[in-house]
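Asks: Chains as they are written, first to last, in numbering that gives the first Met the number 0: chain A, 0 to 467; chain B, 0 to 421.
Everything labelled a hint here was simulated from the structure, so no lab data went into it.
Errors might be hidden in some of the hints.
Below, a list of computed lysine-lysine pairs in the BS3-like style, where the Cα atoms sit at most 27 Å apart [as the list claims (entries may be wrong)]: (1) B:K377 <-> A:K103; (2) B:K363 <-> A:K16; (3) B:K57 <-> A:K396; (4) B:K57 <-> A:K91; (5) A:K16 <-> B:K63; (6) A:K168 <-> A:K251.
Rough simulated footprint, nothing fancy, chain A against chain B, three-plus residues with beta-carbon under 8 Å [said to hold, decoys possible]: (7) 14-22; (8) 34-40; (9) 58-70.
One-sided and incomplete, this derived list gives chain B residues near chain A with beta-carbon spacing under 7 Å [said to hold, decoys possible]: (10) S28; (11) G45; (12) T48.
In this text, all values refer to a predicted model and were calculated from it rather than measured experimentally.
Ideal Cβ placement from N, Cα and C applies to all residues, glycine included.
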Amino acid sequence: MSEFKTNINDKIINSLKSILGNPNVLTDYEDRYCYAYDATAIGEALYLPDVVVLPENKEQICQIVRIANENNIPIVPRASGTNLVGGCIPLKGGIILHLSKMNKILNIDKNNLICTVQPGVVVGNLQQEVSDLGLFYPPDPASLKVSTIGGSIAQSSGGPRGFKYGTTKDYVLGLEVVLADGTLLKTGGTTVKNVTGYNLTQLIVGSEGTLGIVVEATLKLIPKPEEQQVMLAYFESIDQAAEAITGIISAKITPATLDIMDKNTMVTIENFHHVGLPTDMEAVLVLEVDGFKESVAVQTQQIIDICNKFGAKNIRVSQNQQEADELWFARRSAFGAVARLRPNVLTEDAVVPRDKIPEFISKTRKIFDKYNLTVCIMGHAGDGNIHPNVSLDLRNKEEAENFEKAAEELFDAAIELGGSLSGEHGIGMLKSGFMRKALDENSIKYMKEIKKLFDPKNILNPGKIFHE
Amino acid sequence: MNEEKTKFKNLNDYAEDVYKCTKCGLCQSVCPVYKATGRETTVSRGKFTLLNGIINGKLKFNKKIAKNLELCLGCKACYDFCPSGISAEEIIAAARHESSKINGIGFIKKFILANFKSNFRLSLLKIGLDIYKTLGINNITDLISKVTGNLGKYLTLFNSQLKENTKYKKLKPVKPQSELNIVYFSGCINNYVNSSIKNAVLIVLEKNGFSVNIPKNFTCCGIAARSSGDFESFSQLAENNLKQIPDDVDYIITDCASCGSVWEFYPDFTEGKLKEKAKILAGKTININKFLVEREIYIPENSKISKKITYHDPCHLKRFQNVFEEPRKIIKQIQGIDFKEMKDADVCCGAAGTFCISQPEISKAISSEKAQNILNTKADIVCTSCAGCKIGLSQGLIEKNSSIPIYHPVELLAELYLKDEK
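Chain B extracted, bound-state conformation:
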């Protein structure tokens, strides 16, 4: 226990940050959870008050407080808005870590986290899903889902995550082969659930003359473990992933906002030489949208996609990696696309990792609002750049009985390239 205390920051390390909350309450205006519940305990001001009480010894760190700490999406919207510049997301993760020692982690959460920790279990999941897909059971369950109410909605949600937009095809490069040494961190969803985005990333990169290296032994990025406060697992996953990367790498490309955001945290969760490596790699990690926009990529002049498109900003991309103009640029570059900005494009989709499972009602309320904003644009396709957001967006759209397809901007590009090649 003592050793752990020195390894990770604990609640007391944030005592001053928590205390300096002036209670101005501005966080109420941007907190999606507060909007859904209307309760003071669910907004950062309330949580800081509780944490301050714990630090001062006025409150016991009991399960009721742990439950309130659950009610944070980690979307960082309040950080941007906080006059005192307090990072609720970071502090609440640390508080959850402390809480897990005192109050434990809930059973469902534990189960999910355990799965993400084990590539073996994830592989089993993949085998199961592959069978499910090949047998075409999803078509049957899709039919069933239409008549089975709430359970059906879960089935539809599940099936929507398996729908592949892009199939891989080797295309002829239009640019000379690049010398860059690129590692592609493709993430769990691509590897075990649905490789559509990975297919698209490979198509687009190869077409533009980039080849990538995908180390075999990557594990989950650990984002869910970190935000749940399971710092021990997160640090193990971080160590493993860092070790897989060659020292002479130029870029680590990620397509998923969440997978991309963890690299900035890795230095705080590793030690010694690996910590130094983590610091260097944090600067080399780049989101695929940004990587492409920073280069002159191929845009075919004779192919177009005539669709109306809107874009949802993943929290982990806009507020954690400051990438929000790039995906829009990619979409707008494509001939024929009519881009329509939605209201509150950068408000959380409601999925937020395990939040959608531990707090289904609040999560659904937030996702429904997001879906309404999407529907108001009358878009044919909604784009986003995060595997987690795909769950949140589908969840909301299903609630609104809509089946607008969800694409990664790179999937649009891939589709364009495939059309061009025909």
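Isolated chain A, as found in the complex:
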């Protein structure tokens, strides 16, 4: 057992076993080998944890964190490990806290429109459960069938519906957080209005497991919209599509989703899935409007008129749920299609002001063309959040290096246009080196002070957000 990278020793392993029971403490090399990654493509690098634990309740987590703190052992929370910035990768070894067994919805309160959940609850499952009661939890990261509430809170994730409904941060009312010393912090409450002191809840949201470990969350729900309608509008140029976006927004329409995909994305999806997308168009807008039946009909007609005015070549409107699902399938299969092009996919997440989208898309294309990389550009046009999906083989050193260079130029381009590094994926280990590009001195200074106050020994997900 001398192979531990940290202060972990047999005695500590035994204490963990007495807290959790033997089957919930994994120490075999092969087990730990499967916790050295998340959904981030990091090539051959290997960051092994020393031990993986699977707690079943918050009391156990308090005890585990106390042990980690007393012994200066890094601790990294993880649920489904779907983030794209290396957020769950144990850079400095230590303990992985796998929350897969804390996946219970504790309460859904129909009268107060709130629910209380454990961090391992899958977003899609929660959406289904509340939907059955006529309620709605809007944040919809692309990975919602598997990604969890804990991960959503840690990364403050968003999704296509962000434009109308906001992102995870807008739905978190209260949290229970295990702090670095193993004590429990309760933030916020169960009410939508709450201005009792500093807003610690929002400080924890998006803190990527560096300030504390979320062990319970109270979330806001809203009534489920009566109806949805999905539309695809095809354009011969990105500029026309962008004008249509501006047209829609200035007409005071707020679609639930206003996504864009470029030609490369459409061609790639068609290659693998044959969903009937045109391969000769430069851009497609994916729009969803929702609300009361009458309102959906009015919004749909307005959008059709605006898209036509700005030169849409064709508009497909879903006539029933099955067609809506088919149109959504086209959008949702984009990542999978890109994944089939080459062995690895890297997804970027820069965000720019909405009116800079055409410029940013054209710059993105130029940058990746310059480095000879295949890129499919898609994103949430409504909120300026653009995802270039780059298809490559990281075993090819030149390609891997070219990607690094292109990513940096991409960040520069986004910031130059008044945007930032990340819209919804977070910083993690991948973008920590670029924080100074996006933030001023004081922001970084105060963030670091906050980190020190919460976690003086730097045991909570060390090496994330801040470059060390």
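Based on the hints, put chain B in the right spot on chain A.
Replies: Just chain B, lined up with the frame of chain A:
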């Protein structure tokens, strides 16, 4: 050894497939084993990481990895969901084959596989079971089982597999005799354990004017051998079964999902002329539900079955043979039936061949969840089309103290025909 390497695909042949796992982790949302264990090593993403480590020489193919490879049902749910389209089921079977060379196959598994390889041993089993049934000992053990806890549950499970729903009776055909040359591959369970489904298939086919030929020397289809990685046995069984089939056959009918799924694999496990034959026969193999739905079958107007019924999709039928609407159509055609879809009808039942024996705890957890979904429908009968699933469904229902009968859709039809004839 070298010769074998050329005969079967090995792990290195899948190196690119394993590497292209993007680690998106979507497989977690559909993997029943991951749901039961919560451990990353049990889901395809984890297994691909381990296999990639072996291929790169970073990990040794030791028993610990072999043990993790055991934790796959081969249900193919993740394949449908995988953005990169990687078939974990196929790759894990190949990895198990490689592992059996390095780490061996476990004793219990070896024993089970050996039995399936030998028609003689299976016949002995049949004699034993026949005695057990005729003497009525099962009634006694059923009584005992109620008071003996866990062991009793195994006894109940065992007895539940012997319960016959349909007895054979020659019925008067209602259609003219068909010219089709049909081979019926009835499978081990029908031949050696419980011929109820075979009886039903014969009743239904004969009533509709089809006669079938059942070659005497069929062996086990080999599904358990293939998924355990015992490719040598699988290929022997494949060769034998292929040889039994006349060249001018029009259809090979199977009633069991697993027995039906292997024919698609046979070409990869045979050589020369037999391989060519296997390719042709793979296209002629058809599940009984599909065969019947593709034809106008007789549905008596004056007989009905007034029951509430739900249906469980066998993995080997829905995801391996794309047959899922047909059994439902058959059930719904019958007068009086109130069909109620269960939640997650196509999630694995937990039996998965030898999995229920090598991983009883996980298997039971998966089966119990399945049983709960069945019970939630308040159905009187649960239907399925696979001998293996019958074990998984019984196992779960016994855990939940329920004794809902399990029927093959064709058994329902047979029951209807028998009623009609009275």
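Asks: All hints, please: hold or fail.
Replies: Results for each hint:
no.: 1; hint: B:K377 <-> A:K103; in the structure: holds, 25 Å
no.: 2; hint: B:K363 <-> A:K16; in the structure: holds, 25 Å
no.: 3; hint: B:K57 <-> A:K396; in the structure: holds, 19 Å
no.: 4; hint: B:K57 <-> A:K91; in the structure: holds, 20 Å
no.: 5; hint: A:K16 <-> B:K63; in the structure: holds, 20 Å
no.: 6; hint: A:K168 <-> A:K251; in the structure: holds, 24 Å
no.: 7; hint: 14-22; in the structure: holds (count 5)
no.: 8; hint: 34-40; in the structure: holds (count 4)
no.: 9; hint: 58-70; in the structure: holds (count 5)
no.: 10; hint: S28; in the structure: holds, 4 Å
no.: 11; hint: G45; in the structure: holds, 4 Å
no.: 12; hint: T48; in the structure: holds, 5 Å
Hint check: no violations occur; every hint is consistent with the structure.
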